[in-house]
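Participant: Same order as they appear, the protein sequences are chains A and B. Numbered per my numbering, the first sequence spans residues 1 to 254. Numbered per my numbering, the second sequence spans residues 1 to 254.
Rather than coming from a laboratory, the hints here were simulated on the basis of the structure. Remember, predicted model here, so these are calculated numbers, not experimental data. Fair warning: there could be bad hints in the mix.
Same chains, same label: a pair holds when it works inside one copy or across any pair of copies.
Derived DSSO-like pairs: lysine-lysine, alpha-carbon spacing no greater than 30 Å straight-line [said to hold, decoys possible]:
no.: 1; residue 1: Lys59; residue 2: Lys90
no.: 2; residue 1: Lys90; residue 2: Lys151
no.: 3; residue 1: Lys123; residue 2: Lys90
no.: 4; residue 1: Lys59; residue 2: Lys38
no.: 5; residue 1: Lys197; residue 2: Lys59
no.: 6; residue 1: Lys90; residue 2: Lys38
no.: 7; residue 1: Lys151; residue 2: Lys62
no.: 8; residue 1: Lys126; residue 2: Lys90
Number of protein chains: 2
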Amino acid sequence: MATKHTARLYIDQDLKVGAELLLDGNPGHYLVNVMRRKMGDPVTLFNGRDGDWMAEIVKTGKGRAMVVVRQNIAAQVAEPDLWYLFAPIKKARLDYMVEKATELGVSLIRPVLTDRTNLDRLKEDKIRLSAIEAAEQCERMTVPQVAPLIKLTDLLADWPEDRLIMFCDEDGAGDQNCYPVGRAVEEVNAWQGRPDKWAILIGPEGGFSDAERALIRALPQVVPVTLGPRILRADTAAIAAIALWQSFAGDWQT
Amino acid sequence: MATKHTARLYIDQDLKVGAELLLDGNPGHYLVNVMRRKMGDPVTLFNGRDGDWMAEIVKTGKGRAMVVVRQNIAAQVAEPDLWYLFAPIKKARLDYMVEKATELGVSLIRPVLTDRTNLDRLKEDKIRLSAIEAAEQCERMTVPQVAPLIKLTDLLADWPEDRLIMFCDEDGAGDQNCYPVGRAVEEVNAWQGRPDKWAILIGPEGGFSDAERALIRALPQVVPVTLGPRILRADTAAIAAIALWQSFAGDWQT
Numbered sequence: 001m002a003t004k005h006t007a008r009l010y011i012d013q014d015l016k017v018g019a020e021l022l023l024d025g026n027p028g029h030y031l032v033n034v035m036r037r038k039m040g041d042p043v044t045l046f047n048g049r050d051g052d053w054m055a056e057i058v059k060t061g062k063g064r065a066m067v068v069v070r071q072n073i074a075a076q077v078a079e080p081d082l083w084y085l086f087a088p089i090k091k092a093r094l095d096y097m098v099e100k101a102t103e104l105g106v107s108l109i110r111p112v113l114t115d116r117t118n119l120d121r122l123k124e125d126k127i128r129l130s131a132i133e134a135a136e137q138c139e140r141m142t143v144p145q146v147a148p149l150i151k152l153t154d155l156l157a158d159w160p161e162d163r164l165i166m167f168c169d170e171d172g173a174g175d176q177n178c179y180p181v182g183r184a185v186e187e188v189n190a191w192q193g194r195p196d197k198w199a200i201l202i203g204p205e206g207g208f209s210d211a212e213r214a215l216i217r218a219l220p221q222v223v224p225v226t227l228g229p230r231i232l233r234a235d236t237a238a239i240a241a242i243a244l245w246q247s248f249a250g251d252w253q254t
Numbered sequence: 001m002a003t004k005h006t007a008r009l010y011i012d013q014d015l016k017v018g019a020e021l022l023l024d025g026n027p028g029h030y031l032v033n034v035m036r037r038k039m040g041d042p043v044t045l046f047n048g049r050d051g052d053w054m055a056e057i058v059k060t061g062k063g064r065a066m067v068v069v070r071q072n073i074a075a076q077v078a079e080p081d082l083w084y085l086f087a088p089i090k091k092a093r094l095d096y097m098v099e100k101a102t103e104l105g106v107s108l109i110r111p112v113l114t115d116r117t118n119l120d121r122l123k124e125d126k127i128r129l130s131a132i133e134a135a136e137q138c139e140r141m142t143v144p145q146v147a148p149l150i151k152l153t154d155l156l157a158d159w160p161e162d163r164l165i166m167f168c169d170e171d172g173a174g175d176q177n178c179y180p181v182g183r184a185v186e187e188v189n190a191w192q193g194r195p196d197k198w199a200i201l202i203g204p205e206g207g208f209s210d211a212e213r214a215l216i217r218a219l220p221q222v223v224p225v226t227l228g229p230r231i232l233r234a235d236t237a238a239i240a241a242i243a244l245w246q247s248f249a250g251d252w253q254t
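So that you can see chain A by itself, here it is in the shape it has in the complex (with noise of 0.2 Å):
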């Protein structure tokens, strides 16, 4: 494990040995205001595409340092392709989300308007900052993209051909088509080779409409699946699905 007290910070920079980089901004607030690191620390720096790099603090100034990188530590890896397309929530959850979808690592998170929406504003920054902080955290190589938000009408218009919905559906129990995460997965991959490319629909706390269920279940793509016997909290219900699609479909598998 690299570091459970160096400092590991995202920077949208190439990295290579030698490289004398600047770190201000975000980085470079946290890394000498809250971490306090000083001259001949080390700090851990990815950018999402070379792994891991070790790098040296040569220089602190206020709210900004200078490091030079010396070497790789970790190669990057492959990490799934899974949206998480989310009905926007309240501010204090919705940070919480992005931090759980980002740990369970989904590569695109995806705000979407739907009827019962409750939106008062959305900030994609502090959407990206969060993802941010959570993949310093834990260690994943990559930032999860943040969309722009979308209307769920224009979005399954224009739903690429190729990538498969797990559609969390709270009013599908009892359905005959719609079953537990595993089992979904089994048909899906019998029927379809084991497509790798997914997103997971999560609805909004009161639900979809009878119009945008009607919508979404039409969709070629969409494998509709149920959470259990419980009502789930949009939230809860986000956590649960993206960990089981990591152990049927991802990358938490043997």
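Based on these hints, arrange chain B on the given structure of chain A.
Facilitator: Below, chain B alone, put in the same frame as chain A:
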């Protein structure tokens, strides 16, 4: 679905047709002051033993209501026997965890003191209230028991012979006896029939100490599992582990 708009309350009293019950304390406050329900309004009641019952409010006062039980609307169902053992975490995340574990269907919640537990205070009453609230909202028919705080060493010294522990070992990656959850449950089922008494043990943020890990791994009832290649926070790990257990050994199966 019973009731998106009818209030649903847990009460610790016997439920049968015609019973007149006084709801005061928390349930009375919630019903009258928070939900603002009035005479004639229906309310769903459950006590963890007798299923869901429809009752009618026949009188309200300050933070209290008299109700008459009208009819049984759902029979009690059996629930999985899964204990959730965790090292207490920061307050906000603790409430969150209790809510999540309840929604996901654990039967008992027990905080455990470990070498690295960061505990200032623990209010068991508060945990119990969070569990009741979550049970009311997710429409499960029981409220998980809340067992008192116990030291890990004491817990393990007296561990019941017939209950397995799914141990989420954050240092277990690469350990050849440490499988993903599905594989681990499969192995257990193959060797031991289908044991139905389980516990899930999640460590504190800093992980278990080496001495603790050794103690845990030495117990024959312990089944070590991994939760994928990324580092999960204790709360993420708990939700993921419970969802996976439900999916492989609990009531989320086909």
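Participant: Could you run down the list of hints and mark each one as holding or not?
Facilitator: Hint by hint, here is what the structure shows:
| no. | hint | result |
| --- | --- | --- |
| 1 | Lys59 x Lys90 | neither (41 Å within a copy, 35 Å between copies) |
| 2 | Lys90 x Lys151 | within (18 Å within a copy, 36 Å between copies) |
| 3 | Lys123 x Lys90 | both (12 Å within a copy, 26 Å between copies) |
| 4 | Lys59 x Lys38 | within (8 Å within a copy, 68 Å between copies) |
| 5 | Lys197 x Lys59 | neither (44 Å within a copy, 57 Å between copies) |
| 6 | Lys90 x Lys38 | between (38 Å within a copy, 29 Å between copies) |
| 7 | Lys151 x Lys62 | neither (42 Å within a copy, 45 Å between copies) |
| 8 | Lys126 x Lys90 | both (14 Å within a copy, 23 Å between copies) |
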